[in-house]
Amino acid sequence: DTEVTQTPKHLVMGMTNKKSLKCEQHMGHRAMYWYKQKAKKPPELMFVYSYEKLSINESVPSRFSPECPNSSLLNLHLHALQPEDSALYLCASSPETSGIEQYFGPGTRLTVT
Amino acid sequence: GNSVTQMEGPVTLSEEAFLTINCTYTATGYPSLFWYVQYPGEGLQLLLKATKADDKGSNKGFEATYRKETTSFHLEKGSVQVSDSAVYFCALSDRQTGANNLFFGTGTRLTVIP
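Just so you know, the sequences run in chain order U and S.
Converting from the first sequence to the numbering used here requires adding 3 to each position, the first position being numbered 1.
Converting from the second sequence to the numbering used here requires adding 12 to each position, the first position being numbered 1.
So that you can see chain S by itself, here it is in the shape it has in the complex (with noise of 0.2 Å):
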C-alpha cells in the first residue's frame, strides 16, 4: 500500500540555522511526492512537488530531491526564518493506483526562534 513516514517533532532551530525534515514513502506504483505547509490557523499550502524520480523541488529556499532508490523526499533549507515556523506534510499521491488520495504524513512542526 501507500504510506508516508515523516521524522517526529517538534523541531525547535534558531534563525539562520540548516534545516532538514525526513521523509520516506512506500508506494505500489509511481507517486508523486509533495510538501505542504500550514501556517497557524490556515489551511495547506502546497510548498513544493516532484513527480518523478531524481526530480528536485523547490520553492521559497525549500528543496526536496525525489530518491527512488531510498524512498525519501527530505525537505531542506539552507537558513530558517522566523517567517518558517509552521508544520510541514510530506504526502505522496500514486497515479498508476488511480487514486485520488493524497497520503500525508503526520506533519513536522518546525519553530524557528530569533
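Chain U on its own, in the form it takes in the complex (with noise of 0.2 Å):
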C-alpha cells in the first residue's frame, strides 16, 4: 500500500461547527504533515508529527488542534472557524524524519459558511 488516504473529500462546514479530517497511512512512514493551500498558491505547512508526536506548530490558531492516535493516523479537528479558513488541507506522510521525499494524500476540500 503506497498511498496517503484523506476523508472526507469534501466538507463543508458553518462557523459553529465542529468537525475532524482524517488522513491514514500504511507506509510505515514515520512523519505526518498537514498543509494547508489556497487557490493558486503552493501547500503551507501547518502541523508535523515526528513518531506520533507534535515537532512542528507553525503558528496555527488554535482553531485548529492536530492529534496523532497512532503511527498511521493523523487527524485535524476543526471548531469555530472562519470563512477564509477555507481551502484544500493536504495530508502527507514521509519514510524520515527529516522530510525527505513526502507523499501527499488527494486532500480534503474545505468549505466554511
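Don't read these hints as lab results, they were simulated from the structure.
One thing to keep in mind: the hints can contain errors.
Said to hold, decoys possible - Below, simulated DMTMM-like cross-link-like pairs (lysine to aspartate or glutamate); rule was C-alpha separation at most 20 Å, straight line:
1. 72/S to 6/U
2. 44/U to 75/S
3. 64/S to 104/U
Need the complex rebuilt from these two chains, each delivered in its own frame; the hints are there to steer you.
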C-alpha cells in the first residue's frame, strides 16, 4: 500500500460547527504532516508529527487542533473556523523525519460558511 | 535561508511541444530537490527528485538535473501531451538543517492544447 488516504473529500461547515479531518497511511512512515493550500498558491505547512509526537506547529490558530492517535493515523480537529479558513487541506507522510520525499494525500476541500 | 523561485505561469503549449519550467533555489545546507505535480482537484504527486549535485531525476518523460553551480533544477519534457496539463511545483528539503519543511515554489500552471 503506497498511498495516503484522506476523508472526507469535501466538507462544508458553519462557523460554530466542530468537525474532523482524517488521514491514514500504511507505509510505515514515521512523519506525518498537515498542509493548507489556498487557490493558486503552494501548500503551506501547518503541523508536523514525528514518531507520533508534535514536532512543528507553524503558528497555527488554536481553532485547528491536530492529533496523532497512532503511527498510521493523523486527525485535524476543526472548531469555530472562519470563512478565510476555506481551503484544500493536504496530509502527507514521509519515511524519514527529516522530511525528505513526502507523499501527499488527495486532500479535503473545506468550505466554511 | 531556504527558498525556491519558479518561473511565472501560466504556460500554454501545443501537444508535442518541448517544455521547460525554470526553478532556482537558495539553501543553507545540502538540499534535496523535487518536482511535484498537481492535477485539477487532486493532491500533489511526487514527479521526480534529486538528492545531490549532478543527479538527474526522471519520470514519465520528465527530467530535471540538480545543478549546484547555477543553483537550478529546471524541469524538461521533450514532447508534452494534453494529459500533462497540471500545476507543477518545484520544492526543496534541507536535510542538514534537520528541517521537516518542504519549501515550495509558487507553482507553474501548464496547459497543453491539442
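How the hints compare with the structure:
A C-alpha spacing of about 19 Å is found between residue 72/S and residue 6/U, which places the hinted pair at or below 20 Å, so the restraint holds. Between the alpha carbons of residue 44/U and residue 75/S the distance comes to roughly 24 Å, so the proposed pair goes past 20 Å and is violated. Of the supplied pair hints, the one linking residue 64/S and residue 104/U holds, its CA atoms being roughly 14 Å apart against a limit of 20 Å.
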